[in-house]
Amino acid sequence: MESHEGDEEKIAAFMEIVGKPADKAREFLQATNWHLEEAIQLFYAGGDDLGSTAPTGDATTELPWDATANQSESGLKPTTSSPIEPGEDYVRPPLPVKREALYDDIFEYRAQHLAQSSNQPASIDAFRNFQDEANFRNQASGDDASNIDGSKDSLAALYRPPFTLIYQGSFEQAKVEAAKQGKWLLVNLQSTKEFSSYMLNRDTWAHHTVQYMVQSMFIFWQVYDDTEEGRKVCTYYKLTTMPTIMIVDPLTGQKMRSWEGMVGAERLLEDLVLYTDRGPLEHKPANLPPPKRQRESNYPKDTFAGPSNSSEEEELQRALAASLQDTREVPMADKNGITSEYEDVKPDTIKDTPKVDAKLQYPPLPEEPAYTDATVCRIAVRFPDGSRGQRKFLRTDPIQVLWSFCLSKVGEASNGKSFRLTESIPGVVGKVLDFNLQSSIGDAGLANSILVMTWD
Numbered sequence: 008m009e010s011h012e013g014d015e016e017k018i019a020a021f022m023e024i025v026g027k028p029a030d031k032a033r034e035f036l037q038a039t040n041w042h043l044e045e046a047i048q049l050f051y052a053g054g055d056d057l058g059s060t061a062p063t064g065d066a067t068t069e070l071p072w073d074a075t076a077n078q079s080e081s082g083l084k085p086t087t088s089s090p091i092e093p094g095e096d097y098v099r100p101p102l103p104v105k106r107e108a109l110y111d112d113i114f115e116y117r118a119q120h121l122a123q124s125s126n127q128p129a130s131i132d133a134f135r136n137f138q139d140e141a142n143f144r145n146q147a148s149g150d151d152a153s154n155i156d157g158s159k160d161s162l163a164a165l166y167r168p169p170f171t172l173i174y175q176g177s178f179e180q181a182k183v184e185a186a187k188q189g190k191w192l193l194v195n196l197q198s199t200k201e202f203s204s205y206m207l208n209r210d211t212w213a214h215h216t217v218q219y220m221v222q223s224m225f226i227f228w229q230v231y232d233d234t235e236e237g238r239k240v241c242t243y244y245k246l247t248t249m250p251t252i253m254i255v256d257p258l259t260g261q262k263m264r265s266w267e268g269m270v271g272a273e274r275l276l277e278d279l280v281l282y283t284d285r286g287p288l289e290h291k292p293a294n295l296p297p298p299k300r301q302r303e304s305n306y307p308k309d310t311f312a313g314p315s316n317s318s319e320e321e322e323l324q325r326a327l328a329a330s331l332q333d334t335r336e337v338p339m340a341d342k343n344g345i346t347s348e349y350e351d352v353k354p355d356t357i358k359d360t361p362k363v364d365a366k367l368q369y370p371p372l373p374e375e376p377a378y379t380d381a382t383v384c385r386i387a388v389r390f391p392d393g394s395r396g397q398r399k400f401l402r403t404d405p406i407q408v409l410w411s412f413c414l415s416k417v418g419e420a421s422n423g424k425s426f427r428l429t430e431s432i433p434g435v436v437g438k439v440l441d442f443n444l445q446s447s448i449g450d451a452g453l454a455n456s457i458l459v460m461t462w463d
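In terms of the numbering used here, the sequence shown opens at residue 8 and continues consecutively.
If you're looking for bench data, these hints aren't it; they were derived computationally from the structure. One or more of the hints may lead you astray.
As the list claims (entries may be wrong) - Here are the simulated BS3-like pairs of lysine-lysine, each with C-alpha atoms no more than 25 Å apart in a straight line:
| no. | residue 1 | residue 2 |
| --- | --- | --- |
| 1 | K438 | K190 |
| 2 | K262 | K245 |
| 3 | K239 | K200 |
| 4 | K190 | K245 |
As the list claims (entries may be wrong) - Quick list of simulated restraints, FRET-style, between CB atoms:
| no. | residue 1 | residue 2 | range |
| --- | --- | --- | --- |
| 5 | G260 | P373 | 45 to 51 Å |
| 6 | P391 | R274 | 14 to 20 Å |
| 7 | S425 | S223 | 28 to 34 Å |
| 8 | S425 | K245 | 40 to 46 Å |
| 9 | S421 | Q397 | 15 to 21 Å |
| 10 | V25 | K105 | 19 to 25 Å |
| 11 | S411 | G260 | 42 to 48 Å |
| 12 | P28 | R106 | 26 to 32 Å |
| 13 | K239 | R385 | 38 to 44 Å |
| 14 | P391 | K239 | 34 to 40 Å |
| 15 | T403 | W462 | 25 to 31 Å |
| 16 | S446 | P391 | 23 to 29 Å |
| 17 | S425 | R274 | 24 to 30 Å |
We put the CB at the ideal spot given by N, CA and C, even for glycine.
Turn these sequences into a full structure, and let the hints steer you where they fit.
Quick look at the structure:
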């Protein structure tokens, strides 16, 4: 009886606070196990629709409404109330409270999203050894790469880039450094997807003669095509095939020469010889216009000069010019030997003497040896048109057979046009060969050398 009276008091209190009828107050109180405060909070949280709001309270009320609706002991069912017509005093009920749980790992989702949306592919080198790279950069530039902490038998040591040759810096910094030293910029763009790039590191850049020439005459810069600097260079020079080797003028940025794919050491040496004779500072483009000649005035210079402006040096030069002009005037004599007036004689008529061109006697070209041993050597010749030729000779053959070989390859030389042969030595000025030298190829030190044929 006392509990019934207590329930009636709670219903009356709920009706007084909320302003709802007794049946609505009884529903909310029963849903909260007759807890008045929780019933009032539940009403203000969900409004009249009790079915859309999850009850709060003890363990039984923590379950979703669908679960509690099926319990026989509760006897509660969602009630539907007719919608209230909005009027002047109408206030929109608050939004229902929703409780949800986040599943999965938000950080893992973010990592996957960043990985999928990244448009900057990383350069992955299958043969890269970061420990060896650190060791190389800590060593002096003159140390041999094969002696530093790496086994020659490992793939990393076999295909590693030539760190002793590579300039550490950006492309623009490499151009500035090459311009300061007056050297050509040698650029090598590689791709981790092309095995030819690794073959260049193994066969070409590891060749001792190539290393010596590159260190002496070039600034070498190597980069992968999928890096930021690599993409920049590929876009600027419109490079599509990897690997690519370029010679760049550091002063103008012009591409002077390029090679695509795998380039052997011997072929690269022959092609680089043309750029060892002169650097970019001495190179003069052929398409530049000739310098303008100063316009000569019809008036004598003495009329514009002041009375005492000319120095002693200028007066001396004028005197020398006048004396040279006098020497060109030769007195002419008639048939009787009497000297007549002076006439100018051109210096070309005085020096016009016939030249005596002694033809060289070229020996016959011997047959090329079919075998290869210690007595046989190979000599490469770069012809004036840019083509190349190679041939095997005996070390005991006279050096004159080299001229005979050039005659057999170049038609202009066989027609009588004179030429000379120069030994190409990286880093130094080439030595011109003497045809009259009585020596063999082996004794002259020309075995396995590179020669350059130029016209006289």
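Violated hints, by number in ascending order, as checked against the structure: none
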